[in-house]
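Enquirer: Chain residues, written in single-letter form:
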Amino acid sequence: MTLRRLKAIALKTGFWLLVAVLVLYAIFPFYYAIVTSLKPSSQLFEVSYWVDSLDFSNYVTVLSQPTFLAAIRNSVVVALSVVLIALLLGLTAAWALGRVRFRGRTTVMMIVLGVSMFPQVAVLSGLFEVIRTLDLYNSPGGLILSYTIFTLPFTVWILTTFMRQLPDELEEAAIVDGASPWVTLTKVFMPLLWPAMATTGLLAFIAAWNEFLFALTFTLTDSQRTVPVAIALISGGSQYELPWGPIMAASVIVTVPLVVLVVIFQRRIVSGLTAGAVKG
Amino acid sequence: MANRQPTMAQTPAAPTPGGTLETTQPVRPRRERGTRVRRRRVRAAWLFLTPMLVGLALVAGWPLARTFWFSVTDASLSSLEGANFIGLENYLVYDNGWYGILADPLWWQSVWNTLYFALVSVSLEAVLGVIVALVLNAHFRGRTLVRAAMLIPWAIPTVVSAKIWAWMLNDQFGIINHLLMTLGLIDAPLSWTADASLSMWAVIMVDVWKATPFVALLVLAALQMLPSDCYEAAKVDGIHPVRVFFRVTLPLITPALLVAVIFRALDALRVFDVIYVLTSNAASTMTMSIYARQQLVEFQDVGYGSAASTLLFMIIALVTVVYLYLGRRQLGGGS
Numbered sequence: 024m025t026l027r028r029l030k031a032i033a034l035k036t037g038f039w040l041l042v043a044v045l046v047l048y049a050i051f052p053f054y055y056a057i058v059t060s061l062k063p064s065s066q067l068f069e070v071s072y073w074v075d076s077l078d079f080s081n082y083v084t085v086l087s088q089p090t091f092l093a094a095i096r097n098s099v100v101v102a103l104s105v106v107l108i109a110l111l112l113g114l115t116a117a118w119a120l121g122r123v124r125f126r127g128r129t130t131v132m133m134i135v136l137g138v139s140m141f142p143q144v145a146v147l148s149g150l151f152e153v154i155r156t157l158d159l160y161n162s163p164g165g166l167i168l169s170y171t172i173f174t175l176p177f178t179v180w181i182l183t184t185f186m187r188q189l190p191d192e193l194e195e196a197a198i199v200d201g202a203s204p205w206v207t208l209t210k211v212f213m214p215l216l217w218p219a220m221a222t223t224g225l226l227a228f229i230a231a232w233n234e235f236l237f238a239l240t241f242t243l244t245d246s247q248r249t250v251p252v253a254i255a256l257i258s259g260g261s262q263y264e265l266p267w268g269p270i271m272a273a274s275v276i277v278t279v280p281l282v283v284l285v286v287i288f289q290r291r292i293v294s295g296l297t298a299g300a301v302k303g
Numbered sequence: 005m006a007n008r009q010p011t012m013a014q015t016p017a018a019p020t021p022g023g024t025l026e027t028t029q030p031v032r033p034r035r036e037r038g039t040r041v042r043r044r045r046v047r048a049a050w051l052f053l054t055p056m057l058v059g060l061a062l063v064a065g066w067p068l069a070r071t072f073w074f075s076v077t078d079a080s081l082s083s084l085e086g087a088n089f090i091g092l093e094n095y096l097v098y099d100n101g102w103y104g105i106l107a108d109p110l111w112w113q114s115v116w117n118t119l120y121f122a123l124v125s126v127s128l129e130a131v132l133g134v135i136v137a138l139v140l141n142a143h144f145r146g147r148t149l150v151r152a153a154m155l156i157p158w159a160i161p162t163v164v165s166a167k168i169w170a171w172m173l174n175d176q177f178g179i180i181n182h183l184l185m186t187l188g189l190i191d192a193p194l195s196w197t198a199d200a201s202l203s204m205w206a207v208i209m210v211d212v213w214k215a216t217p218f219v220a221l222l223v224l225a226a227l228q229m230l231p232s233d234c235y236e237a238a239k240v241d242g243i244h245p246v247r248v249f250f251r252v253t254l255p256l257i258t259p260a261l262l263v264a265v266i267f268r269a270l271d272a273l274r275v276f277d278v279i280y281v282l283t284s285n286a287a288s289t290m291t292m293s294i295y296a297r298q299q300l301v302e303f304q305d306v307g308y309g310s311a312a313s314t315l316l317f318m319i320i321a322l323v324t325v326v327y328l329y330l331g332r333r334q335l336g337g338g339s
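Heads up: the sequence lines are chains A and B, in that order. The first sequence stops at residue 303 when you use my numbering, and every number in between is there. The second sequence stops at residue 339 when you use my numbering, and every number in between is there.
Treat each hint with caution, since some may be false.
Cut-off 25 angstroms, straight-line C-alpha distance, at most; resulting in silico cross-link-like pairs (SDA-like, lysine to any residue) [to be verified]:
1) A:Lys-210 x B:Pro-245
2) A:Lys-30 x B:Arg-42
3) A:Lys-210 x A:Phe-125
4) B:Lys-239 x A:Thr-36
5) A:Lys-35 x B:Val-240
6) A:Lys-30 x A:Leu-41
7) B:Lys-239 x A:Leu-189
8) A:Lys-30 x B:Gly-146
9) B:Lys-239 x A:Val-42
10) A:Lys-35 x B:Ile-243
11) B:Lys-239 x B:Gln-228
12) A:Lys-35 x B:Lys-239
13) A:Lys-210 x B:Arg-47
14) A:Lys-35 x B:Ala-142
15) A:Lys-35 x B:Val-248
16) B:Lys-239 x A:Arg-27
17) B:Lys-239 x A:Ala-33
18) A:Lys-30 x B:Val-246
19) A:Lys-210 x A:Leu-189
20) A:Lys-30 x B:Ile-135
21) B:Lys-239 x B:Phe-218
22) A:Lys-35 x B:Arg-147
23) A:Lys-210 x B:Val-46
24) A:Lys-30 x B:Gly-242
25) A:Lys-30 x B:Val-240
26) B:Lys-239 x A:Lys-210
27) A:Lys-35 x B:Ala-153
28) A:Lys-35 x B:Gly-146
29) A:Lys-35 x B:Arg-145
30) B:Lys-239 x B:Ile-135
31) A:Lys-35 x B:Pro-245
32) A:Lys-210 x B:Arg-42
33) A:Lys-35 x B:Leu-132
Calculated directly from the structure, the hints in this document are not laboratory data.
Could you put the whole structure together from the sequences, leaning on the hints where they help?
Expert: Spelled out as structure tokens, the structure:
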């Protein structure tokens, strides 16, 4: 009896130890970035595990740089526009793919899936030419255009999955009333799809906010950069003297909104990811 | 089209990749009312699809075709228009010795690095992801908080996580060297990102940290759909939990794990940002994407870079086709 209890206690301790290790592993890097960002530059090179100073000079340094503020503005503009476009095009496409049976539907779905597997580098030169022809090089417009290549496929995919789960009766009533497909979509389906749209919008926002390769290649001047590029290109006097304090402060600034969003909407994000992947 | 409607509604829908999309669709209880309504709906469907298809053609189809074309020309970044057709010279050409990508040792090293990176990181992510999912599937107080914590690495932008890890792995002031030295595991600080024998492991470490939550979430979703009666039966029979895991749980979550692994593998094969930020263009961690972009943008050799991009595309397309083929077969066998 006691042996069994001992075993149970050992198992329980082991489990909690595992949980603790995993949580530590998951959050320590970000925690350490916060610790570093709150240090004055004189203490930067002494390793410490706890927040032992509250020095905001790194944040002041970063936020007083006009280029970093411009990068935040660009990132917000690009990410929000990408979300809007992806949702608009994704919703109409999802209605067609999810509610109507027609020849070629499977082919369209395959095309969408195929595009989502494109390596970004494969379209880099062609897209560069398109963007330059449209006179969008080195502007947020070029990034908004190019980001649809990875946001649109999963938006269509996830919204189609959700659209199919809605009951048929809804639409039949609308058809009997003589409503056009557009009215059906906006008046019947959209109100029901808000949760799904919030999920996909959030995923599209995160993807656009984090994108690096296109942003690095299709922008040239500091004033047009997005946040990831701005952070990657922060440099000091030489390669070996990177200003780690400001870099960590900038990292914390651009990550906190995402972490907050993810923690608040974790349920939605999980459902979106599984709808996009498991059911795809 | 219209007179085929009744039979179409009865035949099972064509299989789609991954397989379960069609099963979520309820069988239509009634025929869609009237052929005129139906025809109008099909027309509307194509109309609604057009913006999306035009968008994809503009940012994916056309650029991909142009990349293929550039790969057989001598285009450079400054003169895309004045490109001349040069056949397969970017790929391989004999001119008193073999030249071209296929004769470039650096390209083959990038291919090898990419495959190595993909294999190691995705395997580690799969194992860790299953462990995390099992933990999150257990009932314990604070589970929601733990799940939120697990999502944090996934939410952090890749560039930012690469920078944070670069700082933690810093050779002189990094906390990881400090920790390892305090524990007595190493005598002298390691230069994780500069040492050619360590840098690939540094990159893998960062990628595993960032991508494990994704795998864990997909596996967790599968775990939560498992029938509980198997487990009760196993418990009654007194079967060891480890045995239950390998005999019952693992086979049942394999489809979800496979999907997660494929998604991760496709991501790993095109990996760019984490490596670009951590080790830049170093040969020891150069991947196919890094190689192609360096040729395209830094060396301005659009023809050569496009040829490298084309090869990368071919490799990924091959993986995708194999996946779709297997997915279709699996579906055919299941239903």
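Enquirer: So, for every hint listed, does it hold in this structure?
Expert: Against the structure, the hints come out as follows:
For the suggested pair A:Lys-210 and B:Pro-245, the alpha carbons sit about 51 angstroms apart, so the restraint of at most 25 angstroms is broken. About 66 angstroms separates the Cα atoms of A:Lys-30 and B:Arg-42, which puts this hinted pair outside 25 angstroms; it is violated. The suggested pairing of A:Lys-210 with A:Phe-125 holds, with an alpha-carbon distance near 23 angstroms, which does not exceed 25 angstroms. The hinted pair formed by B:Lys-239 and A:Thr-36 meets the criterion: a straight-line CA distance of about 22 angstroms does not exceed 25 angstroms.
Of the supplied pair hints, the one linking A:Lys-35 and B:Val-240 holds, its CA atoms being roughly 21 angstroms apart against a limit of 25 angstroms. Proposed proximity of A:Lys-30 and A:Leu-41 is supported: the alpha carbons are some 16 angstroms apart, at most 25 angstroms. A threshold of 25 angstroms between alpha carbons decides the hint, and for B:Lys-239 with A:Leu-189 the separation of about 38 angstroms lies outside it, so the pair is violated. Using a Cα cut-off of 25 angstroms, the hinted pair A:Lys-30 and B:Gly-146 holds, with the two alpha carbons roughly 23 angstroms apart.
For a cut-off of 25 angstroms, the pair hint linking B:Lys-239 to A:Val-42 stands: about 24 angstroms separates their Cα positions. The hinted pair formed by A:Lys-35 and B:Ile-243 meets the criterion: a straight-line CA distance of about 19 angstroms does not exceed 25 angstroms. Taking the CA atoms of B:Lys-239 and B:Gln-228, the gap is about 18 angstroms. The hint holds against a cut of 25 angstroms. Distance restraint check for A:Lys-35 and B:Lys-239: the Cα-Cα separation of roughly 18 angstroms lies within the 25 angstroms cut-off, and the hinted pair is therefore satisfied.
Taking the CA atoms of A:Lys-210 and B:Arg-47, the gap is near 20 angstroms; set against the 25 angstroms cutoff, the hint holds. Among the hinted pairs, A:Lys-35 with B:Ala-142 is consistent with the structure: their alpha-carbon atoms are about 12 angstroms apart, no more than 25 angstroms. Restraint check for A:Lys-35 and B:Val-248: satisfied, since their Cα atoms lie roughly 19 angstroms apart, inside the 25 angstroms limit. Taken as a hint, the B:Lys-239 and A:Arg-27 pair is honoured in the structure, with Cα atoms around 16 angstroms apart against an allowance of 25 angstroms.
A distance of roughly 20 angstroms separates the Cα atoms of B:Lys-239 and A:Ala-33; the hinted pair therefore holds under the 25 angstroms criterion. Pair hint A:Lys-30 plus B:Val-246 holds up; C-alpha atoms about 16 angstroms apart against a cutoff of 25 angstroms. Restraint check: the Cα-Cα separation between A:Lys-210 and A:Leu-189 comes to about 14 angstroms, which is no more than 25 angstroms; the hinted pair holds. Under the criterion of a C-alpha separation no larger than 25 angstroms, the hint pairing A:Lys-30 with B:Ile-135 is consistent with the structure, at around 21 angstroms.
Pair hint B:Lys-239 plus B:Phe-218 does not hold up; C-alpha atoms about 30 angstroms apart against a cutoff of 25 angstroms. Distance hint between A:Lys-35 and B:Arg-147 is fulfilled; the C-alpha atoms sit about 15 angstroms from each other, no more than 25 angstroms. The straight-line distance between the Cα atoms of A:Lys-210 and B:Val-46 is roughly 19 angstroms, inside the 25 angstroms bound, and the hint therefore holds. Among the hinted pairs, A:Lys-30 with B:Gly-242 is consistent with the structure: their alpha-carbon atoms are about 16 angstroms apart, no more than 25 angstroms.
Between A:Lys-30 and B:Val-240 the CA atoms are separated by roughly 19 angstroms; this keeps the pair inside 25 angstroms, and the hint holds. This hinted pair does not check out: B:Lys-239 and A:Lys-210 have alpha carbons roughly 51 angstroms apart, beyond 25 angstroms. Between A:Lys-35 and B:Ala-153 the CA atoms are separated by roughly 21 angstroms; this keeps the pair inside 25 angstroms, and the hint holds. The hinted pair formed by A:Lys-35 and B:Gly-146 meets the criterion: a straight-line CA distance of about 15 angstroms does not exceed 25 angstroms.
Restraint check for A:Lys-35 and B:Arg-145: satisfied, since their Cα atoms lie roughly 13 angstroms apart, inside the 25 angstroms limit. Using a Cα cut-off of 25 angstroms, the hinted pair B:Lys-239 and B:Ile-135 holds, with the two alpha carbons roughly 21 angstroms apart. Pair hint A:Lys-35 plus B:Pro-245 holds up; C-alpha atoms about 15 angstroms apart against a cutoff of 25 angstroms. The suggested pairing of A:Lys-210 with B:Arg-42 holds, with an alpha-carbon distance near 20 angstroms, which does not exceed 25 angstroms.
The hinted pair formed by A:Lys-35 and B:Leu-132 meets the criterion: a straight-line CA distance of about 20 angstroms does not exceed 25 angstroms.
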